[in-house]
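A.B. asks: One letter stands for each residue in the lines below.
There are 4 protein chains.
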Amino acid sequence: MNTQQAGHSANQRSLAVAVVGCGYWGPNLIRNFYENDQAELVAVCDLDPKKLSKIAKRYPNVLTTDAYQDLLNHSGIDAIAIATPVHTHFPLAKQALEAGKHVLVEKPMAMNSKECMELIALAEERKLILMVDHTFVFHGAVRRIKQEVDSGALGELLYFDSVRINLGLFQSDINVVWDLAPHDLSIMDYIVGKAPRTIHATGSCHAGNGLEDIAYITVTFENDLIAHFHVSWLSPVKVRQILVGGKSRMIVYDDLESMEKLRIYDKGITVGEPESDEQRYANLVGYRVGDMMAPNLDLTEALKIEIGHFVDCVLNKQRPITDGQAGLRVVQILEAANESMRTGKTIVINSVGVV
Amino acid sequence: MNTQQAGHSANQRSLAVAVVGCGYWGPNLIRNFYENDQAELVAVCDLDPKKLSKIAKRYPNVLTTDAYQDLLNHSGIDAIAIATPVHTHFPLAKQALEAGKHVLVEKPMAMNSKECMELIALAEERKLILMVDHTFVFHGAVRRIKQEVDSGALGELLYFDSVRINLGLFQSDINVVWDLAPHDLSIMDYIVGKAPRTIHATGSCHAGNGLEDIAYITVTFENDLIAHFHVSWLSPVKVRQILVGGKSRMIVYDDLESMEKLRIYDKGITVGEPESDEQRYANLVGYRVGDMMAPNLDLTEALKIEIGHFVDCVLNKQRPITDGQAGLRVVQILEAANESMRTGKTIVINSVGVV
Amino acid sequence: MNTQQAGHSANQRSLAVAVVGCGYWGPNLIRNFYENDQAELVAVCDLDPKKLSKIAKRYPNVLTTDAYQDLLNHSGIDAIAIATPVHTHFPLAKQALEAGKHVLVEKPMAMNSKECMELIALAEERKLILMVDHTFVFHGAVRRIKQEVDSGALGELLYFDSVRINLGLFQSDINVVWDLAPHDLSIMDYIVGKAPRTIHATGSCHAGNGLEDIAYITVTFENDLIAHFHVSWLSPVKVRQILVGGKSRMIVYDDLESMEKLRIYDKGITVGEPESDEQRYANLVGYRVGDMMAPNLDLTEALKIEIGHFVDCVLNKQRPITDGQAGLRVVQILEAANESMRTGKTIVINSVGVV
Amino acid sequence: MNTQQAGHSANQRSLAVAVVGCGYWGPNLIRNFYENDQAELVAVCDLDPKKLSKIAKRYPNVLTTDAYQDLLNHSGIDAIAIATPVHTHFPLAKQALEAGKHVLVEKPMAMNSKECMELIALAEERKLILMVDHTFVFHGAVRRIKQEVDSGALGELLYFDSVRINLGLFQSDINVVWDLAPHDLSIMDYIVGKAPRTIHATGSCHAGNGLEDIAYITVTFENDLIAHFHVSWLSPVKVRQILVGGKSRMIVYDDLESMEKLRIYDKGITVGEPESDEQRYANLVGYRVGDMMAPNLDLTEALKIEIGHFVDCVLNKQRPITDGQAGLRVVQILEAANESMRTGKTIVINSVGVV
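Chains X, G, B and Z supply the protein sequences, listed in that same order.
So the first sequence is numbered by our numbering: it starts at 43 and just counts up by one.
So the second sequence is numbered by our numbering: it starts at 43 and just counts up by one.
So the third sequence is numbered by our numbering: it starts at 43 and just counts up by one.
So the fourth sequence is numbered by our numbering: it starts at 43 and just counts up by one.
Chain X on its own, in the form it takes in the complex (with noise of 0.2 angstroms):
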């Protein structure tokens, strides 16, 4: 009887990385950096040594610290991957850019856009790869969805519906809309992957501490495409819903289903030339219906293929597609939601930064 040694076998190209941050979603990529083949998880940082020890138990071959500059420091870690609360990303990715490493960075990516900017300057003129993690990209209902809109299959879109609500953990130091709706602007960016024209939000905040736990956030583009995201820590009834239309199909992904999680609807409208002036208070509008097609999804760990993602990046020096500039845009909206619920007013988009 023998007690085997585990020890990551390092490959030939295999990527050194450390994670900051044990809290919620840390140790999700603590252990798919573990698992992952190409990668080596070298070290693990964070301030609390509870949550500490128990990385330290899972994985004895992997270093702790309370200490930030030890990973710095170390000069055998190529990437650092960034879980820690949202007003940290900015001087930790910074530091770590600094430091020569390449960053994984927790969504949302900074607290404002100037600290994106500044971070993605960073990251091409040092030549590191800079990636935002926004997981839902990588998700296999979400890949499909691109598919289809890219296919022409949907035919031009006309809305994206987003709904995120659930009796929440109330966050103390950002509000609902810094909470929950950078998954759905993110998996919105890659699917719609036009800039945003307006935004408008209304939010309520109900704990007495300035902060939203309710909202409500309307983003316009050109020709009449409309996205709307409801986010909530407050409802009784967990909801994760988004609604794709489109003017010949429409899709509906319910990230609660265990199963049929997207269900495409060969539905649409057609809408008829008026022949008259007459005929243009006319109803010349009429919808189809067909079948509907739940296709069988690629169910792998969006964040397995996320990180498999990131680390080929690193490797073969390509750019991510969750880069800086994903993480930007995404902020921009933040901004905005937020200027606009303090404001009451229309934000009009600024659409630097925007692909």
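Honestly, I wouldn't trust all of these hints.
Just so you know, same-sequence chains aren't split out, so a pair can sit in one copy or run between any two.
Claimed, not checked - Derived lysine-lysine pairs resembling BS3-like cross-links, with alpha carbons at most 27 angstroms apart:
no., residue 1, residue 2
1, K236, K289
2, K156, K169
3, K169, K289
4, K359, K188
5, K156, K359
6, K387, K136
7, K188, K280
8, K346, K93
9, K346, K96
10, K359, K136
11, K93, K387
12, K236, K387
Bear in mind the hints are in silico, worked out from the structure with no lab data behind them.
The structure displayed is predicted, hence computed values, not measured ones.
Let chain X serve as the given structure and place chains G, B and Z on it in line with the hints.
C.D. replies: Okay, now just chains G, B and Z, sitting in the frame of chain X:
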């Protein structure tokens, strides 16, 4: 064997009613007046001879006519129920009131609040009953929500969220807000019982006729109560769901559920008092989770109860629950929503006419 | 203004029909015959004067009577539809056929197979149409399943599983098997199109009247095809679900779904050939998983189609899909189920009378 | 920075455990013993070196071996958990007991009741704990059902109906009854707490290996209590639902619901007393319908509670809830089901060994 002549045996105090409009909704009014023991359906009016002949076949003893004037002139008719296109509500109701008839008018009550106010004034002057057909207010589920709110079981109201979407019939004279939102606005008006402060709406039109087919409306009240309405003719799936969130309990009303339309969640939030300035930024919000209860509801057809209420109100000279003022309040929000969609601005509502 | 007399304008080849029985189902037959363009509803019979007067109010031009003999004697009546308690089906149908009337009889066709056979013989002798009201056979979902099976899309049939449970009205003359299973047995008879080999049933009675209120029936066929039926009056939830499993595709038919009643799964099994004796015990069965499709179904009321079929069959002297033989086959299984429940034995079915 | 060695700090009264079998279920036992504060996971055994090396990587301080004898010989091991194929349960458990180890054995306990009885006798003789892994008995939903039944809230039990179907992994050594039904039989055994009277089962085999892939089992008890089990590897949809019907209340337990797994219906039946012979054939059964309640359940992982119970029972010499007798009772029904499927007969169960 005998051919029994089905006539309505007039009660001592029976209300003689005529219905104008045999489109989608009119036949429901006709059937319910026909079956009401205290009413007698005397006549039906429509411009379309095909629709009239269908009614005539179904109710051989009821007079049919394509001339509205016939109803006005008929001295045996006490009340007229109006189920015609929205832009005709005002002229038809006005003529009926001027002819001394009580009026039940389809929702929305009229094309603008000025028209509503004129009808209200006219009815008061003539001492006639003017009721708006806000059917959902008479629905067992809505009445139960009202009870829960009024009894204090829900605690302070935090939000009202409504979704009413479908792949729907496009109306040629009104947008989706005026078509669908009156249902939910009338429910909110009844449940919340407070005057709104601001309205904001965004919509999108994809049919080239200037009529929005998707819209989102946010209504705010004092004390951080927020209401939101999503209406659409462009959804591949049908949703009819209302969430009502209170500090102590929360309700989900799903109108498409056949049995458990209402679920009352013993869920809520607790807000701690900060003891210091520092704590103001800490997380003082907790949430509690208990059982869920789906009450056994009275499933009597809402319209049957409503027709009974109208008949009662006329016979006993009572003010209806959904009187002209209720109709006006709904139209005020619809007007404000249209203005907000046109200008992009948040509309501060004029509380004139609001309870 | 005129009181239009609604009379049914007799077509050149119109079928004059009478309906006996105005309980739960009769009014549906009455309405559908009334609305059918090739039929004329002449008379309605019931012993209960209240039920008759309701019909008379609703259909003032239809004759009403409490004497069945009136229908038999009426020379203007071509066909009689029987919607009375089960034990009266045989005597009423027999008298109708003897009086030269075509017959549509409610399911189950009669109290035992001997009665069924006597009616079949009588109808053949008199060259009259004898049809059993197996309504579900005319349902869009069932017709679509039949198409999928007949086209070979499902591959070899492996099983048919049905659940029809509810907190239901207890019948005082028949058990739950005779009350509910005829629906599902008639669907199975139509879909499978093969003679069963054995029947086994277990039931339980909790009301002290000897009538089972819960029962489970297993029907086996050749080639390992198995069918199972769960019927209950004692379930707190309503379920109406049928699974049809083929080697290549599988279908779920959920009758309570409003839109997607039918889901066709591209799922199946593959069975490998063992290459050696050792392999016979190895796992040679795989399964494949593909997309799911919910076809857009014809949602015409099944009874409307069925009534049309009956009228056509009589006018054009065609054999109905759900003829006396189909009715007999269902009653044979019901009889066998009762015998199995009584004796605890598996009943080998006598294939006489089976297609 | 330090590499923290994660070792399990032995408690004063800590149970040293080994697990044999690292297939589908073994890793869950391993994880739960590893995380239990009163247990120490000492060693893991499996014949497959790949599985062992995965465990070794995951738990570097745990001994791994492919020789079961190593576990038996290891004096530091107090208890062995067996998660291997069913036909090996008996020999492995027997050897463990003979080596003086306490045993937790996967369900079904053994291949037949004779084996079960031999293990029970052996454990009693050696004063060792013998527990069967009937995990669901420790599930919050099942414990709640048990409470409702024991408190009398459900009234007299009328039926127990279970469906556990999926498009599943075919087992090569056991049929679907032995694979899936132990879950539901163990739940029934726990909830009902009575000895069954008869067993009848029908199954069907479509893979040519003589192992049923679909089966229906009916179990009857005294007083008209009936239980039924539908198990299948051939369903396109996954269903895991149990109905428990009492005279006063009824429960639906849907294990696939994420939140409201249990719904307790205030529904039941009332049976009148017939006052005369005539009335015996009249309908004396009514039903009542009230609210539904979905209790907030303890969602602790059932296996965690079970492992805690096993550790407690060993350390404190208590009899486990799911002891060898419980395991035997389940195997007796499985045996009877197999015999019934083979012979087509209803099996009268020998109540030896039944509580």
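A.B. asks: Which earlier hints turn out false for this structure, listed by number in ascending order?
C.D. replies: Going through the list in order, the structure violates hints 3, 6, 11 and respects the others.
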